[in-house]
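Sequences are here, hints too, so could you generate the full structure?
If you're matching them up, the sequences are chains A and B in order. Heads up: the first sequence runs through residues 1 to 356, numbered per full-length UniProt numbering. Heads up: the second sequence runs through residues 1 to 356, numbered per full-length UniProt numbering.
To be clear, the hints were calculated from the coordinates, so they are not data collected in a lab. One should not assume that every hint holds.
Since the list gives no way to pick one copy over another, a pair counts as held whenever it fits inside one copy or between any two copies.
[As the list claims (entries may be wrong)] Lysine-lysine pairs mimicking DSS-like chemistry, simulated, CA-CA at most 27 Å apart:
| id | residue 1 | residue 2 |
| --- | --- | --- |
| 1 | K227 | K265 |
| 2 | K64 | K231 |
| 3 | K63 | K231 |
| 4 | K275 | K289 |
There are 2 protein chains.
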Amino acid sequence: MLAIAKAFSRALGGRGIETLGVRAYAKALGDQSTLPLSTGRPRLVILGTGWGGARLARDIDPKKFDITIISPRNHMVFTPLIASSCVGTLEPRSVTVPITDIQPALRLPQNNFLLAECDAVHTQDRLVECSSTHDGLKFFVQYDVLAIATGSQGSTFGIPGVTEYTMPLRDAANSTDIRTRLIQNWGESSIPGRSPAERARLLHVCVVGGGPTGVEFAGELADFVRKDLAKLDPNRARDMRITLIEADQLLSSFDARLREYAALKLTRAGVHLVKGIVKEVRKDELELKNGAVIPYGLCVWSTGVGPTSFSLSLPFEKTMRGRLAVDDRLRVLARHADGRGPTSLEDVGGGLYLGR
Amino acid sequence: MLAIAKAFSRALGGRGIETLGVRAYAKALGDQSTLPLSTGRPRLVILGTGWGGARLARDIDPKKFDITIISPRNHMVFTPLIASSCVGTLEPRSVTVPITDIQPALRLPQNNFLLAECDAVHTQDRLVECSSTHDGLKFFVQYDVLAIATGSQGSTFGIPGVTEYTMPLRDAANSTDIRTRLIQNWGESSIPGRSPAERARLLHVCVVGGGPTGVEFAGELADFVRKDLAKLDPNRARDMRITLIEADQLLSSFDARLREYAALKLTRAGVHLVKGIVKEVRKDELELKNGAVIPYGLCVWSTGVGPTSFSLSLPFEKTMRGRLAVDDRLRVLARHADGRGPTSLEDVGGGLYLGR
Numbered sequence: 001m002l003a004i005a006k007a008f009s010r011a012l013g014g015r016g017i018e019t020l021g022v023r024a025y026a027k028a029l030g031d032q033s034t035l036p037l038s039t040g041r042p043r044l045v046i047l048g049t050g051w052g053g054a055r056l057a058r059d060i061d062p063k064k065f066d067i068t069i070i071s072p073r074n075h076m077v078f079t080p081l082i083a084s085s086c087v088g089t090l091e092p093r094s095v096t097v098p099i100t101d102i103q104p105a106l107r108l109p110q111n112n113f114l115l116a117e118c119d120a121v122h123t124q125d126r127l128v129e130c131s132s133t134h135d136g137l138k139f140f141v142q143y144d145v146l147a148i149a150t151g152s153q154g155s156t157f158g159i160p161g162v163t164e165y166t167m168p169l170r171d172a173a174n175s176t177d178i179r180t181r182l183i184q185n186w187g188e189s190s191i192p193g194r195s196p197a198e199r200a201r202l203l204h205v206c207v208v209g210g211g212p213t214g215v216e217f218a219g220e221l222a223d224f225v226r227k228d229l230a231k232l233d234p235n236r237a238r239d240m241r242i243t244l245i246e247a248d249q250l251l252s253s254f255d256a257r258l259r260e261y262a263a264l265k266l267t268r269a270g271v272h273l274v275k276g277i278v279k280e281v282r283k284d285e286l287e288l289k290n291g292a293v294i295p296y297g298l299c300v301w302s303t304g305v306g307p308t309s310f311s312l313s314l315p316f317e318k319t320m321r322g323r324l325a326v327d328d329r330l331r332v333l334a335r336h337a338d339g340r341g342p343t344s345l346e347d348v349g350g351g352l353y354l355g356r
Numbered sequence: 001m002l003a004i005a006k007a008f009s010r011a012l013g014g015r016g017i018e019t020l021g022v023r024a025y026a027k028a029l030g031d032q033s034t035l036p037l038s039t040g041r042p043r044l045v046i047l048g049t050g051w052g053g054a055r056l057a058r059d060i061d062p063k064k065f066d067i068t069i070i071s072p073r074n075h076m077v078f079t080p081l082i083a084s085s086c087v088g089t090l091e092p093r094s095v096t097v098p099i100t101d102i103q104p105a106l107r108l109p110q111n112n113f114l115l116a117e118c119d120a121v122h123t124q125d126r127l128v129e130c131s132s133t134h135d136g137l138k139f140f141v142q143y144d145v146l147a148i149a150t151g152s153q154g155s156t157f158g159i160p161g162v163t164e165y166t167m168p169l170r171d172a173a174n175s176t177d178i179r180t181r182l183i184q185n186w187g188e189s190s191i192p193g194r195s196p197a198e199r200a201r202l203l204h205v206c207v208v209g210g211g212p213t214g215v216e217f218a219g220e221l222a223d224f225v226r227k228d229l230a231k232l233d234p235n236r237a238r239d240m241r242i243t244l245i246e247a248d249q250l251l252s253s254f255d256a257r258l259r260e261y262a263a264l265k266l267t268r269a270g271v272h273l274v275k276g277i278v279k280e281v282r283k284d285e286l287e288l289k290n291g292a293v294i295p296y297g298l299c300v301w302s303t304g305v306g307p308t309s310f311s312l313s314l315p316f317e318k319t320m321r322g323r324l325a326v327d328d329r330l331r332v333l334a335r336h337a338d339g340r341g342p343t344s345l346e347d348v349g350g351g352l353y354l355g356r
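The following block contains the structure:
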């Protein structure tokens with residue numbers, strides 16, 4: 001709990017949700033926790049500004065609902081183009097869209113966007129419990145309909161070193177980090193006195209995961225090396241190596257013709273395709289299950305996604321893979337108090353689930 | 001000393017410059033420390049890619065010199081436009097120019113750009129001692145003519161808290177940091193339950209220093225607030241405050257008519273002009289010498305520049321203000337061994353000084 005949340009807790013005489021109950025606690029946080037304007041329309045609260053949240057925000061009729069959008073990102077990322085922004089073909093800003101541009105009615109007084117994380121959903125009281133992204137100030141928002149579009153998180157499959165040493169590619173900030181690292185490695189590789197082995201390591205980019213993101217990134221980088229870097233610095237372009245590591249097969253969710261086409265294109269562009277399972281990632285090198293040790297200057301990790309700890313914590317039914325279970329109208333499922341089996345429940349708070 | 005430099009030192013049997021002498025040490029670092037190609041032309045080494053270094057790089061005839069440029073930045077920053085990139089009018093990339101675009105001959109094999117810091121100049125041996133920016137790998141470069149264009153560094157005047165809590169505005173990375181902080185503060189300010197005082201603090205931008213950078217930044221931000229933010233979020237635009245603090249007067253190096261015009265424009269745009277001297281900067285607030293305490297959400301520090309520790313360390317004559325003294329052909333001055341002097345000395349290594 002951050003300092004400001006502690007101060008609030010002190011102001012309430014040390015009493016929190018546990019002793020006061022959600023409704024009293026939310027009320028005790030002060031009148032400022034309530035929204036400034038009530039038009040009499042039902043309030044739609046959308047959690048998240050990814051594909052699901054942004055699409056709903058765009059399509060919803062602001063004459064029928066008052067809208068509150070809560071997300072740690074004030075923009076949507078157009079993910080198919082994010083790989084291009086790593087090599088400067090596009091600027092990161094060109095692959096993001098502010099949520100206020102997607103739904104201009106957010107500028108009306110009854111609607112708002114809040115830069116915050118959602119920590120819990122209290123279905124009995126129809127309240128979401130949130131904290132601001134930076135200083136963790138706690139607040140509650142009342143909803144009539146709740147849309148949960150908080151997305152997924154990258155899977156590491158418990159492989160040691162992935163979090164510490166590899167770079168993900170999901171947000172605009174990730175692409176800036178990758179670009180900075182590439183420029184840094186190129187700079188370091190040209191220093192006089194650099195050993196050939198170290199130079200080779202610095203100029204080796206490893207991509208783990210042959211899904212759409214990994215394939216896009218490897219392809220974009222290979223194009224950049226052949227078409228741009230070759231003119232800028234032929235020495236460095238010649239020595240750059242790109243390796244794509246995949247445990248199963250490239251683009252496994254696509255059909256065989258597309259997979260074959262992608263493999264051909266990547267190979268021709270100079271990308272080394274390696275079939276293997278990563279056992280451990282260490283600083284500057286990774287090890288495969290077959291014992292091979294591969295030094296790298298940059299390792300991009302993109303092996304698929306799983307449910308977030310937030311969605312796992314929600315009091316709704318889950319699928320076998322840990323995702324929120326929904327009915328054919330995307331309503332979340334809940335169990336009745338008497339133990340009868342999952343059914344979509346309007347009375348748990350009209351929750352929708354948008355995401356993968 | 002970083003790990004890799006230590007390894008080198010070990011490889012040389014623990015002997016460094018002190019025991020071996022510069023020439024033997026440089027030689028012992030290996031043949032890779034020498035440049036790949038010698039055309040017989042004199043080698044011009046330029047330290048720095050700011051205004052001085054970039055201008056020389058652009059104007060030099062690559063048929064007369066082989067060129068090595070050494071700088072921790074691979075680009076020049078067009079500083080007059082950097083304030084615009086803080087509020088998104090321009091992208092940071094649009095106010096920078098890669099040094100290889102400024103002098104395309106850098107792509108020829110005999111010329112090169114090295115992403116590194118210069119640590120020392122050994123005039124007797126005509127060698128510059130450098131280390132790579134990221135891992136500190138040490139290397140030497142031989143020069144025939146040396147141009148020193150390493151620029152200046154921001155002055156804090158020894159005021160406590162400036163380094164820790166304020167943000168400078170000199171590099172492209174600074175402008176990205178400022179933009180990120182502004183967006184973050186705007187997000188935090190709108191969280192329900194935020195106290196009015198804290199909201200006011202988050203929306204208060206303090207600029208210390210009324211020189212060109214401070215004035216440009218305050219003006220750009222005021223324009224953005226009135227013209228863009230007012231449409232996007234009228235509530236927030238109304239509550240934003242910008243304060244410019246200057247100890248002496250605005251744009252003191254310009255003539256009276258320009259100073260008056262700038263003050264009028266800034267005041268009309270809603271910038272508060274405060275005459276005062278900062279005594280201390282603390283997290284979230286600063287204190288003036290007159291005792292006034294001013295809370296801020298962002299404090300941009302731009303109170304002028306002084307000599308860098310690198311230029312102070314150079315074995316050349318200095319001016320009263322600690323800058324390198326030069327003759328009318330920009331050659332550095334040195335004292336003769338017999339104490340006569342200062343005179344511009346070709347034989348100390350043909351050093352030029354470009355900068356302020």
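The hints, checked one at a time:
no.: 1; hint: K227 <-> K265; result: within (15 Å within a copy, 48 Å between copies)
no.: 2; hint: K64 <-> K231; result: between (56 Å within a copy, 23 Å between copies)
no.: 3; hint: K63 <-> K231; result: between (55 Å within a copy, 20 Å between copies)
no.: 4; hint: K275 <-> K289; result: within (11 Å within a copy, 67 Å between copies)
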